[in-house]
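This is what each chain is made of:
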Amino acid sequence: MSWFTRKQPSLTPDSEEGERKVKTEGLWLKCEGCGQVIWRKGLEENLWLCEKCGYHFKVDAVTRLKQLFDDGDFTEHDAALVSTDPLGFADSKPYGRRLTENRASTGLPDAVICATGRILGRPVEACAMELKFVGGSMGAVVGEKITRAIERAIVARSPVVIVSASGGARMQEGAISLMQMAKVSSALMRLDEAKLPYISILTDPTTGGVTASYAMLGDLNIAEPGALIGFAGPRVIEQAIRQKLPAGFQRSEFLLQHGFLDAVVKRPDLRQYLAQSFDFFCGKYA
Amino acid sequence: MSTSPTLPAATSFDAWARVQLARHPKRPHALDYIQKLIPGFQEIHGDRCFGDDAAIICGFGLLRERPVMVIGQQKGRDTKQKLVRNFGMPKPEGYRKAMRAMALAEKFGRPVVALLDTPGAYPGLDAEERGQAEAIAYNLREMARLRVPVVSVVIGEGGSGGALALGVANRVYMLENAVYSVISPESCAAIIWRDAKNAERAAAALRITAPDLKALGLIDGIVPEPGEGAHEEPDAATFHLSAVLDKVLGELAAMSADELVRDRYEKFRRMGNFFQE
Numbered sequence: 004m005s006w007f008t009r010k011q012p013s014l015t016p017d018s019e020e021g022e023r024k025v026k027t028e029g030l031w032l033k034c035e036g037c038g039q040v041i042w043r044k045g046l047e048e049n050l051w052l053c054e055k056c057g058y059h060f061k062v063d064a065v066t067r068l069k070q071l072f073d074d075g076d077f078t079e080h081d082a083a084l085v086s087t088d089p090l091g092f093a094d095s096k097p098y099g100r101r102l103t104e105n106r107a108s109t110g111l112p113d114a115v116i117c118a119t120g121r122i123l124g125r126p127v128e129a130c131a132m133e134l135k136f137v138g139g140s141m142g143a144v145v146g147e148k149i150t151r152a153i154e155r156a157i158v159a160r161s162p163v164v165i166v167s168a169s170g171g172a173r174m175q176e177g178a179i180s181l182m183q184m185a186k187v188s189s190a191l192m193r194l195d196e197a198k199l200p201y202i203s204i205l206t207d208p209t210t211g212g213v214t215a216s217y218a219m220l221g222d223l224n225i226a227e228p229g230a231l232i233g234f235a236g237p238r239v240i241e242q243a244i245r246q247k248l249p250a251g252f253q254r255s256e257f258l259l260q261h262g263f264l265d266a267v268v269k270r271p272d273l274r275q276y277l278a279q280s281f282d283f284f285c286g287k288y289a
Numbered sequence: 047m048s049t050s051p052t053l054p055a056a057t058s059f060d061a062w063a064r065v066q067l068a069r070h071p072k073r074p075h076a077l078d079y080i081q082k083l084i085p086g087f088q089e090i091h092g093d094r095c096f097g098d099d100a101a102i103i104c105g106f107g108l109l110r111e112r113p114v115m116v117i118g119q120q121k122g123r124d125t126k127q128k129l130v131r132n133f134g135m136p137k138p139e140g141y142r143k144a145m146r147a148m149a150l151a152e153k154f155g156r157p158v159v160a161l162l163d164t165p166g167a168y169p170g171l172d173a174e175e176r177g178q179a180e181a182i183a184y185n186l187r188e189m190a191r192l193r194v195p196v197v198s199v200v201i202g203e204g205g206s207g208g209a210l211a212l213g214v215a216n217r218v219y220m221l222e223n224a225v226y227s228v229i230s231p232e233s234c235a236a237i238i239w240r241d242a243k244n245a246e247r248a249a250a251a252l253r254i255t256a257p258d259l260k261a262l263g264l265i266d267g268i269v270p271e272p273g274e275g276a277h278e279e280p281d282a283a284t285f286h287l288s289a290v291l292d293k294v295l296g297e298l299a300a301m302s303a304d305e306l307v308r309d310r311y312e313k314f315r316r317m318g319n320f321f322q323e
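Chain order of the listed sequences is A and B. All the letters of the first sequence, read from the start, carry residue numbers 4 to 289 under my numbering. All the letters of the second sequence, read from the start, carry residue numbers 47 to 323 under my numbering.
The set of hints was computed from the structure by calculation and includes no laboratory data. Treat the hints with care, as some may be off.
In the BS3-like style, the derived pairs of lysine-lysine whose C-alpha atoms are separated by at most 25 Å in a straight line are [claimed, not checked]: (1) K269/A x K69/A; (2) K198/A x K153/B; (3) K69/A x K44/A; (4) K243/B x K96/A; (5) K69/A x K135/A; (6) K69/A x K33/A.
Calculated from the model, a selection of chain B residues having no Cβ within reach of chain A, i.e. all distances over 12 Å [to be verified]: (7) R69; (8) A149; (9) Y311.
The beta carbon of each residue, even a glycine, is placed where N, CA and C say it ideally should be.
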């Protein structure tokens, strides 16, 4: 019977030596929260939240901005800004090459995207950090781009949102990176004096010089659930105090409990939370 | 924008030698300078929230006839003192005390002098619980707003954000053998080469010496040290420091509050313009 007779030889490999594995990479993902296997497409439609346990997957900077802005629509600024490797730094590989490689792998010029878009109608200056670009670290380019975004907001009299995801200041630019903390914080002083709102969104992970500057300076500081947030990283602390850290230490909920966050907000609720806050600060957007 | 700075030749010998000098057991600490610079120094304590951090000293007095608020990060000399001072690693209450002192100085129109000397902000459990990052961040922004002259001098180790939290000043100086870095050479080496023993190489690569920071445009000047280092002749070192502070405070005294805030903003706004468009 033809039911059991294969008409097309579709299962024969293309060549005898060729790969015989079926490529499924990227179709299914294992949830880091509950260990369940989830369909990638479903995850994307669900803002990268696990349907089963609500675990927040990390999202890249472009996806983040698309999720935040109305219709996923935004205008990027200062996209051409790139570092010149001022120290000529070389670790396991020269910093210049590291930058080139990171640009190729992420498709981004540096570790932050700054853009103007609308959130429930209201124009907002937003910056989203890219963790995959040299660990989301802040060097001269990140400092300059965020400072410019704040300055643009002062001119346009619009609110600022910064989504942080970073290991801190960028070691490969030495003290130049350190001074970016002061530079961005000074710009936030001017935003503050201009009485314009700034909401800092801390995502997993935000540590070091980024937490110790703009990420903690929001009129509201909010975080996604379960994000690691701290000054020193957990390993550094464990070394310093020579004991294991308690479970949940430095997670969003811990910071909320200790009074350093205004709220822990789930990703699907972020836009509404921002819009409602801006309405309170600036009056309803007409 | 500018592209690349012209840096002095980096030799790991020089950078590491300066790290050793900056950490020298006999190097004058903040209190050593304060006691000589300001006879009758009156210390103030506490952050009004949690406690009093001995790693940061705040107080006031006359520096060459000029009333100043002085803030200093203090390391200990002997073991007992080191423990009391937490090895010069401040906790959030230290930074908050410093901010309170600076706000007090601002209220009464007095200039602020900060002496920076810390391996870094304390990376401990309690410090995290009380918001180390928030305390540092808050100082950075509020120092930018101060309507009085602020002068910061790195006298030993300028340990990353822990030092910068007292470093948003109109003028920033470094002692000749002080270092100022985003990360300690040991930690940097541990990250790159997975071995803290490469700290000498890291020290050179990170560009942490006073001449390096001057060449990068991150500090305003270098305070000379006598002989092989400040520990050899503390009196001479104090004299140099006193002379620089007197001169700079004199210059800043001529500026209005608005000018001071603008001057400080523009100074940090320009920092690290090493990128291309």
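Against the structure, the hints:
no. : hint            : in the structure
1   : K269/A x K69/A  : 16 Å, holds
2   : K198/A x K153/B : 22 Å, holds
3   : K69/A x K44/A   : 16 Å, holds
4   : K243/B x K96/A  : 19 Å, holds
5   : K69/A x K135/A  : 17 Å, holds
6   : K69/A x K33/A   : 24 Å, holds
7   : R69             : 18 Å, holds
8   : A149            : 14 Å, holds
9   : Y311            : 5 Å, violated
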